[in-house]
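Each chain, written out:
Protein chains: 2
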Amino acid sequence: MERIKLLQELVIKNQSKILFWVFDGIGGLPHPETGKTELETANIPAIDAFARSASCGGLVPHGAGVTPGSGPGHLSLFGYPLDQFDLPRGVLEVLGAEDVFHGGELVQGVEIQAGDLAMRGNFATLEHRGDKAVISDRRANKIATPESRRVCELLSRELSVEGYEVYVYPGKEHRFALLLRGPGLVGGLSDADPQKSGVPPKPVEAEHPEAERSAALVNEIIAQATRILADEPEANTVLLRGIGAAPKIPTLEELYGIKAAAIATYPMYKGIARLVGMDVLDVGSMEHADEVKALEEAFDDYDFFYLHIKETDGYAHVFDFDGKVGVFESCDPLFKKVTEMGFDVIALTGDHCTPAVLGDHSWHPIPTALWSKTVLGGGVEAFSEREVLRGTMGLRASRDLLPLALAEARRFNKFGA
Amino acid sequence: MERIKLLQELVIKNQSKILFWVFDGIGGLPHPETGKTELETANIPAIDAFARSASCGGLVPHGAGVTPGSGPGHLSLFGYPLDQFDLPRGVLEVLGAEDVFHGGELVQGVEIQAGDLAMRGNFATLEHRGDKAVISDRRANKIATPESRRVCELLSRELSVEGYEVYVYPGKEHRFALLLRGPGLVGGLSDADPQKSGVPPKPVEAEHPEAERSAALVNEIIAQATRILADEPEANTVLLRGIGAAPKIPTLEELYGIKAAAIATYPMYKGIARLVGMDVLDVGSMEHADEVKALEEAFDDYDFFYLHIKETDGYAHVFDFDGKVGVFESCDPLFKKVTEMGFDVIALTGDHCTPAVLGDHSWHPIPTALWSKTVLGGGVEAFSEREVLRGTMGLRASRDLLPLALAEARRFNKFGA
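Chains as they are written, first to last, in the numbering used here: chain L, 19 to 435; chain G, 19 to 435.
Okay, chain L solo, but in the shape it has when bound (with noise of 0.2 Å):
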């Protein structure tokens, strides 16, 4: 049987509450100058006491060498098997980009839809030669972040499909994700990347055809595109691939049976949070402690609560290592005071690590601390990415720690007598 039809199909509902509290980018690297990690650096002692009375372990998110996103990080942690939810590239693309151009302006709130069409991008140069066009360069020549942001603004603004609206999605250098969003949208579209330079560029293809006319749109965003870029001097035309529809994927209390809310202060993670069906508690600033005074506020009125602090990832991306190590301290005692409120279950997790001496998103497991009053705790001294290692969780894949959570809050019946 699949795990998850097993998992649904165990579930219970009860009055248990649970927490995921969730670092975002959480593991680091030893910094080369102390040879100790940002979490070995930091003065936690709250976190540590958890951890002492905790189930400590490592996440895996996909699997050995996988360095994920946003998106793909934060659907595992909420207990969705990826491999099972056929989620195409550019879904996965637009839930874990940070802005969105539309009609030339940056906009908030733009949440993927079931039925919205993405698709990532590159920007690429188109070259005439004799009466035919050829990509030249796949990657625009690697233009420049800022570059292919006033590209993306300018595309958000021209780009105009009858009775479709279009949101363009800046990402790093060449990269950019686009959205449909319109009736009758449906996946299995070929790629229009020809994944080589010299030649024509692909047209997309329908794979079925239902998607004939999604295929239609498709191509018409290409030749306008390229009639829009028509001008500039690398980022002349875009290769559009990953392309699919955005499914109706079940929520949380489908899958799980629970009732959840998320506390986010950035864009992207209450974009993520809706999509697995959860509420999204309205802060009121960007400070953590509003993030604690939410969660203690709506206590009563969910089950599972996954509470996010960005600045960690922040900080880590602009390899600020003593950065990183603040919003810990600072946390610990907002961390203390959740432990305080009468949860059954508390997780201290993270999406992915980002060890600030790398500047990025990187494969190493994820430490993490689970508690309730039943869990089979000790072993650390500590919370950190290596003392966690020596928990009684072990390595897990990431997607494992919900259900852990739920067997900890009594949420599951028994498998057979």
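Just so you know, these hints were derived from the structure itself, not from any lab. You can trust all of the hints, since none of them are fake.
Cut-off 30 Å, straight-line C-alpha distance, at most; resulting in silico cross-link-like pairs (DSSO-like, lysine-lysine): (1) G:K432 - L:K160; (2) G:K23 - L:K214; (3) G:K23 - L:K266; (4) G:K277 - L:K220; (5) G:K432 - L:K54; (6) G:K23 - G:K277; (7) G:K31 - L:K214; (8) G:K35 - L:K160; (9) L:K220 - G:K31; (10) L:K214 - G:K266; (11) G:K354 - L:K54; (12) L:K354 - L:K35; (13) G:K432 - L:K220.
Since we're looking at a predicted model, the values are computed, not measured.
Starting from the structure of chain L, add chain G where the hints point.
Below, chain G alone, put in the same frame as chain L:
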């Protein structure tokens, strides 16, 4: 999405250099007198120092409890998920065979090619009862290995199928393997082994029409072998099973974008390496020092090197605990030398364990240390069967080592944004 497809999609190329130093049969078990394993006994200061700076753990070759032969052991180590590549048992047997007879002679350099038809065999005893011939012993009274070898040589001399080459691989006791090479061979053949004694042998049957000619050829081989062996007292027929054609499997370059070279002195390992598309470098002798010299000379020419040390396994197969310890010790300074060559990633590992006290391969986790500048190391004081399990790698599937190494070499893009 299938994991291997996801990895393939994430691959990027760069200038990094990766080494897999493979001690065949690396892991052992405690000596009954000292209570210490082979690696705990060995004096290997350079390897211990390496382990202290590395991410250590244990590799499980094919799931809990499975003892792999050399073929499956190496393929997992090279990142091939065997459950996703249809490698018939006969092909795996041939890949792991040490010797091969052709035309009555031991020959060198025979390597399995796509389209070869490979099969496992038992010598068996056929008895005439009235007008019926029945299998009276499916294992020919487990004839001694030298006897079996003699019969393999005989078969290889006498078997003759026009237009096809026949290769016979001696095994232990009644076991052998056989390979047919020639046009139009396809798999999809039933076993010829009736699985019980007292019944007539079963002819091989084609499972689909395209396999009928191959079935007829294998039945012809069985009939000829039974005539050739008519005067043998015990091994007077053959039972063939696990029959299948060697598929074209993707190369390491196709799967992971790495140009790979193998440094090995024994034919079997060269064969497995060529199967996955590695270049096999000329070592010029059986000396480990010359293997290291070959590595040094080819350093600039490849992305990935597989360096194989056979003798650890060889000594363990003859229960020579001290002999195996001695190989680790004599390789320690050579290993130190390779750590100074400028590799970005080095894995010290094995294809399986061969505890000298067992005298055979085993199912135990393979002691492994993975080093790079970005590895999360720590937790171990030395490199040994038990100590590595305290490291940050934990227990992993063998097939996960290459993805981990490629991640450390920064050869994967992020999954999703």
